[in-house]
Amino acid sequence: MGELYNRLASDIRFVESLKACINCGTCTAICPAAEFYAYDPRVVATTVQTQDDEKIRELLGSDVIWYCGECMSCKTRCPRGNAPGLLIMALRGLSQDLGYFTESEKGRQQLAVKRIIGDQILSSGYCVRPDIVDPALHPEQGPVWEWEHKNLGPVLDKLGANYNGDGAGALRKISDSDLDELKRIFEITGGKERYDNIEAFSKLKADEMGLEFGTDTTSDYVQHIYTANNQKHNHE
Amino acid sequence: MKLEGKRLIWQEYQKEIADDHYFYARSCIRQTFFPGAEAVFVKILKEELGKDIHDEKHHTSCTGIGYHSDVVPFDTTMTVVARQFALMTEAGYENYAASCVTSFGLYTEILDTWHHFPETEAKIREFLFKATGREFNKPKNLAHASDIVYKFRHQIAGKAKYKLVDKDTGEPLKVVEHIGCHYSKMFPHKGIGGAEYPYVLSGMIEAWGGEVIDYPERRHCCGFGFRQYLVQANRGFSLSCSKKKFDSMEPYEPDMIITNCPGCPMFLDRWQYALSEMEGKTYGKGKNGIPVFTYEEVAGLIMGYDPWEIGLQVHQVPAEPLLEKIGIPYDPDRKFKGKNGEDLGMPESPSYLKFYADK
Numbered sequence: 750m751g752e753l754y755n756r757l758a759s760d761i762r763f764v765e766s767l768k769a770c771i772n773c774g775t776c777t778a779i780c781p782a783a784e785f786y787a788y789d790p791r792v793v794a795t796t797v798q799t800q801d802d803e804k805i806r807e808l809l810g811s812d813v814i815w816y817c818g819e820c821m822s823c824k825t826r827c828p829r830g831n832a833p834g835l836l837i838m839a840l841r842g843l844s845q846d847l848g849y850f851t852e853s854e855k856g857r858q859q860l861a862v863k864r865i866i867g868d869q870i871l872s873s874g875y876c877v878r879p880d881i882v883d884p885a886l887h888p889e890q891g892p893v894w895e896w897e898h899k900n901l902g903p904v905l906d907k908l909g910a911n912y913n914g915d916g917a918g919a920l921r922k923i924s925d926s927d928l929d930e931l932k933r934i935f936e937i938t939g940g941k942e943r944y945d946n947i948e949a950f951s952k953l954k955a956d957e958m959g960l961e962f963g964t965d966t967t968s969d970y971v972q973h974i975y976t977a978n979n980q981k982h983n984h985e
Numbered sequence: 012m013k014l015e016g017k018r019l020i021w022q023e024y025q026k027e028i029a030d031d032h033y034f035y036a037r038s039c040i041r042q043t044f045f046p047g048a049e050a051v052f053v054k055i056l057k058e059e060l061g062k063d064i065h066d067e068k069h070h071t072s073c074t075g076i077g078y079h080s081d082v083v084p085f086d087t088t089m090t091v092v093a094r095q096f097a098l099m100t101e102a103g104y105e106n107y108a109a110s111c112v113t114s115f116g117l118y119t120e121i122l123d124t125w126h127h128f129p130e131t132e133a134k135i136r137e138f139l140f141k142a143t144g145r146e147f148n149k150p151k152n153l154a155h156a157s158d159i160v161y162k163f164r165h166q167i168a169g170k171a172k173y174k175l176v177d178k179d180t181g182e183p184l185k186v187v188e189h190i191g192c193h194y195s196k197m198f199p200h201k202g203i204g205g206a207e208y209p210y211v212l213s214g215m216i217e218a219w220g221g222e223v224i225d226y227p228e229r230r231h232c233c234g235f236g237f238r239q240y241l242v243q244a245n246r247g248f249s250l251s252c253s254k255k256k257f258d259s260m261e262p263y264e265p266d267m268i269i270t271n272c273p274g275c276p277m278f279l280d281r282w283q284y285a286l287s288e289m290e291g292k293t294y295g296k297g298k299n300g301i302p303v304f305t306y307e308e309v310a311g312l313i314m315g316y317d318p319w320e321i322g323l324q325v326h327q328v329p330a331e332p333l334l335e336k337i338g339i340p341y342d343p344d345r346k347f348k349g350k351n352g353e354d355l356g357m358p359e360s361p362s363y364l365k366f367y368a369d370k
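Taken in sequence, the protein lines are chains A and B. Under my numbering, the first residue of the first sequence carries the number 750, and numbering increases by one thereafter. Under my numbering, the first residue of the second sequence carries the number 12, and numbering increases by one thereafter.
Keep in mind that the hints were calculated from the coordinates and are not lab data. A hint or two may mislead.
What the hints assert, rightly or not - Derived contacts from chain A toward chain B, CB cut-off under 10 Å, selection only:
id	residue
1	Arg829
2	Met838
3	Glu854
4	Gly867
5	Gly874
6	Pro892
7	Asn900
8	Leu908
9	Arg921
10	Ile934
11	Thr976
Note that the Cβ used here is the ideal one computed from N, Cα and C, for glycine as well.
Could you put together the complete structure from these sequences and hints?
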């Protein structure tokens, strides 16, 4: 039993997710990601069960652990009550703690997720807000969204929201004191450390790739990881 | 499987839903894309059913999308959720009502984790107190907002002006119900009807006069997949999941789709547009697409609320064919106007999907 396995086993999601997988493949049969990507959650469970650190190290630096959509359909159907989706969450956490996520194209995307969603949580108190869903970056949102985005104030007012307003209601402004509490929670519980790790390891990779790192989503590195697709992720 | 068999399974998965006095936690995605749905929920509970619902101004995101895209660690998310519970406790409430399915799944996961690992709960209590000075009681009752509408579905039907019925033929509308994955796939006993045959939306559809379509990919994910949509390079995953569902439901000729998760209606709506632009393919009759609704919007519609007051104009797939089939009146000229009739311009017409604004 190696050090990496021990670190995985200390994650409560790992404890909850893997009790002697019997390799039946039910998780792979139900998995939406396994249908789209060259991905097999059964193989992930089998690999981790070997407790072989060399194999686990390979997983942590691979694209494989980033294919899951965390729908947790696997949890419903597994005859052993296992949850490969939770196992994936433990693997992704460890990959980010140790910096291995920057070794794969899909793993590197974590900086984009951190800067889009992670930073939004701390700056606004929301994971998502209408102003950040830029129609130029989201053509799939369609012309009605483009119209709404141009007219956010009056449309949201008509629909009963309290957009950027004080007090309760949809899309209200979260007060500075509430945001301060959120920040303190992140500092005390490891959330800030996770964010800092993602930034620090990504910076090393950006330097290695010769791409401008920046501090927001417009940097060359973020734009690269946000759009890069080597077309090697799907079934042949 | 025969319907009777499914009903037996549904009966095994019932849950207690509080009768009144709810602490309401809003959803980031529902507020962003369908804020009218949350307004309808609060209005129906307060004004139609006379219930007490607390709209808390201090609560934040539960961090659920950050947690499930793995940038936020579990300890952090658990402590943010503990803060929501502290706000509920301080406001004098015991019944937690979550608008978001991701949040509901997360609350369920956290309460289950604390049940099996009390030392983790103790650690999170310490974190919360250290960070905010707050303490909390766990909710006595945890419900998703759709559970509450399900509980009162017959009262809503009793007050409704319309039914999910074709006004010309008297036939029930054919309805696809789509349940957000995190509603019950992780903890089937926490959802009405469980994970395989969830009944939370089917119960509403039947009570309101419609007929539920049972199609092969009924339980398939809409394709959000968190990082799979958030990062542009991965969006083919999201689109493919939705397409699989549309292709599977198309032969049953659904009149509408109803969802209980905040993200699913956005994806099922927008990906129909994207597919129409990419392939010229539309899934409804006459290039209409299949209109997609939240359960709150449908409750509002049958209660007779104005379609443009509850937000149906911000859907890309037009609702008008369904409104006409049921016989719900609407003013096409007011669709894209502001609250007081001000001119806000007009969206562009899609290439294939029918556009009703210039009717």
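Evaluation of the provided hints:
The closest approach between the C-beta of Arg829/A and any C-beta of chain B is roughly 15 Å, which is over the 10 Å cut-off, so the hint fails. At about 6 Å, the closest approach between the beta carbon of Met838/A and any beta carbon in chain B falls short of 10 Å, and the interface hint on this residue holds. With a cut of 10 Å, the hint placing Glu854/A at the interface with chain B holds, because the nearest CB-to-CB distance is about 8 Å. Interface restraint check for Gly867/A: the shortest CB-CB distance to chain B comes to about 4 Å, inside 10 Å, so the restraint holds.
Annotation: interface hint on Gly874/A holds; nearest CB of chain B at approximately 4 Å, less than 10 Å. Hint on Pro892/A holds. Least Cβ distance to chain B is approximately 4 Å, under the 10 Å limit. Taking 10 Å as the C-beta contact cut-off toward chain B, the hint placing Asn900/A at the interface holds, the least distance being around 4 Å. Interface hint status for Leu908/A: upheld, as the beta-carbon distance to the closest one in chain B is roughly 4 Å, under 10 Å.
Satisfaction of the interface hint for Arg921/A is found here, the shortest Cβ-Cβ separation to chain B being roughly 6 Å, below the 10 Å cut-off. With 10 Å as the threshold, the beta carbon of Ile934/A comes within range of chain B, its nearest partner Cβ sitting at about 5 Å, so the hint holds. Below 10 Å, beta-carbon pairs count as interface contacts, and Thr976/A has one with chain B at about 5 Å; its hint therefore holds.
Consistency with the previously given hints fails for number 1 only.
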